[in-house]
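J.: The chain contents come next:
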Amino acid sequence: MSPLIAIAFIGGLSLILAIILAVANSKLKVFEDPRIDTVEGMLPGANCGACGQPGCRAFAEDVISGNSQPSACSVGGPETAEKVATFLGIDPGSAVRKVARLLCAGGTDKAVKAAEYAGFESCRAAAAVTGGPKACSYGCIGLADCEEVCDFDAIKMLPNGLPFVNATKCTACGDCVDVCPKGLFELMPVNRHLVVQCKSALEGDKILEMCEVACTACSRCAADAPENLIIMKNNLPVVNPDMLDKETEIATLRCPTGAIAWVEEQQFKPLSKEKVE
Amino acid sequence: MKTFRHGIHPGDYKDLTRHIAIERMPFTDELVIPLSQHLGAPSRLLVKEGDKVYRGQIIGEPAGFVSIGQHAPVTGTVKAIEMRHHPSGKLVESVIISRDPYSPQTFYNEHAMEWESLTPGELISLIQHGGFVGLGGAAFPTHVKLSVPEGKKAKFLIINGVECEPYLTSDHRVMLEQFDDVFYGIRILEKVLGCERFYIGIENNKDDAIALLNKRIPADMNGEVVALQTKYPQGAEKMLIEAVLKREVPSGKLPIDVEVVVQNVGTIAGIGMMFRFGQPLIERVVTITGPGIEKPSNLLIPIGTKLADVLDYCGGLKENTRQVLFGGPMMGAPQVYMDVPIMKGTSGILCLTDEEVTIREEYPCIRCLRCVDACPVYLNPSRLGALAKTRDYEGMLGYHVMDCVECGSCSYVCPSNIPLVQRFRVAKALLREKQAKQRKAS
Numbered sequence: 027m028s029p030l031i032a033i034a035f036i037g038g039l040s041l042i043l044a045i046i047l048a049v050a051n052s053k054l055k056v057f058e059d060p061r062i063d064t065v066e067g068m069l070p071g072a073n074c075g076a077c078g079q080p081g082c083r084a085f086a087e088d089v090i091s092g093n094s095q096p097s098a099c100s101v102g103g104p105e106t107a108e109k110v111a112t113f114l115g116i117d118p119g120s121a122v123r124k125v126a127r128l129l130c131a132g133g134t135d136k137a138v139k140a141a142e143y144a145g146f147e148s149c150r151a152a153a154a155v156t157g158g159p160k161a162c163s164y165g166c167i168g169l170a171d172c173e174e175v176c177d178f179d180a181i182k183m184l185p186n187g188l189p190f191v192n193a194t195k196c197t198a199c200g201d202c203v204d205v206c207p208k209g210l211f212e213l214m215p216v217n218r219h220l221v222v223q224c225k226s227a228l229e230g231d232k233i234l235e236m237c238e239v240a241c242t243a244c245s246r247c248a249a250d251a252p253e254n255l256i257i258m259k260n261n262l263p264v265v266n267p268d269m270l271d272k273e274t275e276i277a278t279l280r281c282p283t284g285a286i287a288w289v290e291e292q293q294f295k296p297l298s299k300e301k302v303e
Numbered sequence: 010m011k012t013f014r015h016g017i018h019p020g021d022y023k024d025l026t027r028h029i030a031i032e033r034m035p036f037t038d039e040l041v042i043p044l045s046q047h048l049g050a051p052s053r054l055l056v057k058e059g060d061k062v063y064r065g066q067i068i069g070e071p072a073g074f075v076s077i078g079q080h081a082p083v084t085g086t087v088k089a090i091e092m093r094h095h096p097s098g099k100l101v102e103s104v105i106i107s108r109d110p111y112s113p114q115t116f117y118n119e120h121a122m123e124w125e126s127l128t129p130g131e132l133i134s135l136i137q138h139g140g141f142v143g144l145g146g147a148a149f150p151t152h153v154k155l156s157v158p159e160g161k162k163a164k165f166l167i168i169n170g171v172e173c174e175p176y177l178t179s180d181h182r183v184m185l186e187q188f189d190d191v192f193y194g195i196r197i198l199e200k201v202l203g204c205e206r207f208y209i210g211i212e213n214n215k216d217d218a219i220a221l222l223n224k225r226i227p228a229d230m231n232g233e234v235v236a237l238q239t240k241y242p243q244g245a246e247k248m249l250i251e252a253v254l255k256r257e258v259p260s261g262k263l264p265i266d267v268e269v270v271v272q273n274v275g276t277i278a279g280i281g282m283m284f285r286f287g288q289p290l291i292e293r294v295v296t297i298t299g300p301g302i303e304k305p306s307n308l309l310i311p312i313g314t315k316l317a318d319v320l321d322y323c324g325g326l327k328e329n330t331r332q333v334l335f336g337g338p339m340m341g342a343p344q345v346y347m348d349v350p351i352m353k354g355t356s357g358i359l360c361l362t363d364e365e366v367t368i369r370e371e372y373p374c375i376r377c378l379r380c381v382d383a384c385p386v387y388l389n390p391s392r393l394g395a396l397a398k399t400r401d402y403e404g405m406l407g408y409h410v411m412d413c414v415e416c417g418s419c420s421y422v423c424p425s426n427i428p429l430v431q432r433f434r435v436a437k438a439l440l441r442e443k444q445a446k447q448r449k450a451s
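First to last, the protein sequences are chains D and Z. The numbering used here applies: residue 27 is where the first sequence begins, and numbers increase by one. The numbering used here applies: residue 10 is where the second sequence begins, and numbers increase by one.
The following block holds chain D by itself, in its conformation from the complex:
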């Protein structure tokens, strides 16, 4: 007898709760655009924040509400943008793919070493105590904070202590830009070729004593380039981002140190085992 009472009681209770749930489901329903789930599914799901949104779902909502263009997702690249745009019937937008470039070429073979750093192996920690082992206080410390922070495995340290950014894998998420204590990374359009690989505000011999490949602020590049393409600012050449169609390799030819470089796809020569498509 008693098992039957228990079964009937539990059964009845479940029925009542099920009815409450069913009513609540229809009465308290929050409408959510079903396209959000679909678009989110098309996105890479890296939640990296490169688009400026906290995650892929927020970006999907933004695209559907028309506040962002699909191409703002640098991780997905043009294919994803195209897919999302076709699905939503909108324009994919025309953001050029960006990659992180290093504004320093002073590897351990070129830059003078001023001290032995033997503490906690992190650029950030080294920067907190007198700025690392190199004489140049603007240059790359080379303790691989960027390699560690990169979620896309795009950064590998070279034997000379500089990070190699694999432009094929780089998604311009900006994590390396944030972590570098010297602010040496800049996100540049992949079709930009002139890269000033130095951040020193010093000029002439003062900086040459510290690094062979530093910019001496001789301004020959600015003189040789088409007018207004390169402007000298704080002892460094600055490439005008609006005139990239006028870029020319001539600007780099008379550079006495090689601080300004003509970059095609990859900025540095990769390690032999690193595969670059």
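It cannot be assumed that every hint is accurate.
[Claimed, not checked] Okay, derived cross-link-like pairs now, DMTMM-like style, lysine to aspartate or glutamate, Cα gap no bigger than 20 angstroms in a straight line: (1) D:Lys259 x Z:Asp348; (2) D:Lys232 x Z:Asp348; (3) D:Lys208 x Z:Glu102.
No lab work stands behind these hints: they were computed from the structure.
Based on the hints, put chain Z in the right spot on chain D.
T.: Frame of chain D, contents of chain Z only:
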């Protein structure tokens, strides 16, 4: 005996210089005055290349509220204004002054200041233009701490004569030799703050200073010397308040929130000196010590004197010297360049040899919790260290990493040699940058 809870007991190694009287270092030929020697905005330049400057003349004015004046420490000529190495490792705009070899180097404006008729606001402005920062090492502008916000009251003034860093003895010597300036300075600050009572906190490894100051407190002043048990980091503001008054500064709050203002004893002596003789902050007492220096001393050094000149004056470095630090062994900053200047916040120069500088291998955390027992602000460094290792900085916020005073006690006691405080400094820097970015975005 009074003290704070937790903390560590490193050896004090003060015998090297404890009994050596302060000696004035001669002026060197070239001095470098960085325009940024303090926390806050760099001072605004008032001189140009080729200008003649006099000892004590203002050469940089405050560029905002959290900024101070800079003065020429010697009579001479401005040789250049250029980027020079700074003890922080950066290149900082500095005024290079070459000394006039024929000048008697007397202070050009030597007279006592009439201060009793001035208002607190005017006194604060004088202290700001006098270029005063905390001489204990952090170099936080003094006048900012003296400007009590509306609605708050500074009931107590605590003078920090703790000097808990091993090796350093500059504050100790200042208390023994410049006690008149110290008490004069306290009178000024009492007028500025309107406080009821002052305390001079001194650790009990400086018996002579405790006895002397106790005897010399003027009869008309309301204050006392508090002897404290020797422990690190008692010189940290929040620890000192807890030790002296048994008051705890709440997380994210300042000493003024518990009605206290803390000032370093050297700063007070400097302020006393300025109002007694009119001389702004152009020189300070620095302890040059450690096993790596030939002649350990306590020197009165003009600010801007180059490190190499100071080391030469002290007989030079020994053969096996491995590291030269500005400050003490716990929180001091190692130096890369020998041409960096002595700054306002340089309390000591510590020269360590191969024997003291050891590189230790890091092992996994064994959960012994010695760091928890050592942390003076009651954090859990073990847990924070684990979070830092996985770069979970947001998670560290939940464990109050921002309350860390970076004293290094956790790293000191860790048997596994985990670089705890180093990781926390990285985390704090990244979190601060992130917060600044978010504030800018919103």
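J.: Could you run down the list of hints and mark each one as holding or not?
T.: For each hint, the structure was consulted:
Among the hinted pairs, D:Lys259 with Z:Asp348 is inconsistent with the structure: their alpha-carbon atoms are about 28 angstroms apart, more than 20 angstroms. Note on D:Lys232 and Z:Asp348: the hinted pairing holds, with a Cα-Cα distance of about 14 angstroms set against a maximum of 20 angstroms. Pair hint D:Lys208 plus Z:Glu102 holds up; C-alpha atoms about 18 angstroms apart against a cutoff of 20 angstroms.
In summary, the one numbered hint that this structure violates is 1.
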